[in-house]
Amino acid sequence: MELQINLMHAMLLWVIAAAAKAASQTIKPDCEATCGDVSIPYPFGTREGCYLNDDFLIACNHSLSPPKPLLWNSSFNLQVLNISIEDHRLRIYTFVGRDCYDKMGKQYDQPTLAYAKLPRFPFSDKGNRFTAIGCDTIAVFNGLNGADDFATGCLSLCNSIRSVTNGSCSGIGCCQTSNIPKGLFNYYASVGSFYNHTKVWSFNPCSYAFLAEEESFNFSSADLKDLQNRTVFPTLLDWAVGNKTCEEAKKNLTSYACKDNSYCYNSDNGPGYRCNCSSGFQGNPYLPNGCQDIDECADPKRNECTKVCINTPGSYTCSCPKGYHGNGRQDENGDGCTPHDDQLLIVKIAVEVPLLVYEFITNGTLFDYIHNKSKASSISWETRLRIAAETAGVLSYLHSSASIPIIHRDVKSTNILLDDNYTAKVSDFGASRLVPLDQTQLSTMVQGTLGYLDPEYLHTSQLTEKSDVYSFGVVLVELRTGKKALSFDRPEEERSLAMHFLSSLKNDRLFQILEDYIVPNDENMEQLKDVAKLAKRCLEVKGEERPTMKEVARELDGMRMMTKHPWVNIELNPEETECLLGEHSDAHNNGGSLNVVSTFDITTSQIIVPLDNGR
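Numbering (mature numbering (1 follows the signal peptide of the UniProt record, and there is no 0)), first residue to last: -24 to -1, 1 to 591.
No wet-lab data here; the hints were simulated from the structure. Because the structure is a prediction, the values reported are computed rather than measured. Every clue listed holds true.
Quick list of in silico lysine-lysine cross-link-like pairs, DSS-like style, CA-CA up to 27 Å:
no.	residue 1	residue 2
1	460	512
2	518	459
3	349	298
4	460	349
5	505	518
6	93	158
7	518	460
8	226	158
9	512	349
10	505	349
11	459	509
12	512	482
13	158	102
14	102	220
15	235	220
16	482	459
17	201	82
18	505	351
19	283	460
20	459	505
21	298	277
22	82	175
23	509	482
24	201	175
25	459	512
26	482	460
27	283	298
28	349	459
29	158	220
30	459	351
Between beta-carbon pairs, the in silico distance windows are:
no.	residue 1	residue 2	range
31	499	274	56 to 66 Å
32	303	258	20 to 30 Å
33	297	196	56 to 66 Å
34	265	434	48 to 58 Å
35	303	124	52 to 62 Å
The beta-carbon is built from N, C-alpha and C at its ideal position, and this holds for glycine as well.
All chains should be built: construct the whole structure from the sequences, respecting the hints.
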């Protein structure tokens, strides 16, 4: 029990301290933070020493319960409802003008005017509307601006309450003027009728007129009779400091109101200037140290970092963890962090024998080489085809030869690593799923990378090995074209590489989207066409129409063999081809370099492990 009491006491002290800290950022020390339930932020204050100058004095009437803040020096000490530092607005109450009649058409009360006179802070020209209510009503709004005096108004006539539309101040039962002019400090509004309400008295005995915050009033037909119980409405004022511009005010730093980490801008309604905290800061720009740094790293919505976020005064920086490079910001191709060429650690797992082998990868990712112009020229078409064949072999092994089939679920060029010899290593099995032997598909939450994602899987949430086939088809097209899987820098019809490729294939423009560093010749022309045809089959919308990874691996290795040994008879029968390329051949067992299944062994069944977290 004593422990609980101590904990409650500590929590109470923490809450009080937090509230005090929050208040200290908006008011001067030893000044009242509130009057009743209204916050009084500096430059406003309720007593001498707590406000910037007399323009900002708020009179707190403690004789009322709760106390009410009043705008000092206004014509009627108008009640203050809210003070905003961010948008530099005051909400106050202003009065309603009315003109009421009895059933015989006689005024039963003295008509009242709606008016206000302010020595400082004009009425907001954008947030207020002059409104009149009634079905026998004419209202006039007079703005008193010296030489710029003006008058405007509106009229509203209707014979029946049935013609009135709730929520609509369209001139039937309710009318409004457009925005009032800038720089308005004084006004009065009068309201009258044409027939003393004799024709509409049963449902509308009075006419009303008022200036009010636009969002504070939503017209209802009931207002025609019941508004007589309402005497005030919220109205917005725009406030600013002094009558100088920013440029003029900065010449006297002693009186200049904008403090550290803030900026100045001129008022757009009346004279004076305003202060706001600079980007990356929040608080009260009128107080010394009032603008405090925002810790963007503490709120994921405030930063774009994907790995490491470092807060700095007024901003933040993104970085990558140890073993990675990049800007650490989310982009269309990933999370902005790419493993360092010399910091990739591969853990190779032998299935039959419990064995781990570690290896550093020095050439980074396939993505780096395809999409980096300085590197793309260093990998020939023959090397690209070999990388494709090796990757296909790994995926085929996962699907068909592993003791429990595995669907990778995130096949993409950033997950294909290259060693010193540009040998492909498939990495990042974080999204992979084991497939029970008695199942061919799994129902899962859709996961993958846009541009590579199987459209059938995206539509049905049914994951099959053909989902990897589709993603691999996109990688094939990447290798052939040198273009990114998804890019918003391209025209809309070309943003998806898969769709752009299929469209080009259909319109016989296949070689127009070929990688610049791949030069078609007599030796590779047919091979380039065959790879394109294979990619097209992999990119079929329906998974059942796509080949298996085993078939893809065989075809790619067959293309490579024909390049190395063009004298080989291409008309081999299926049994001979199966024997030559199958995963159970002697070449596989002996690590033969000409056999596709050389990509199935331990050297290519690999998982990437970042150095910093041992994943």
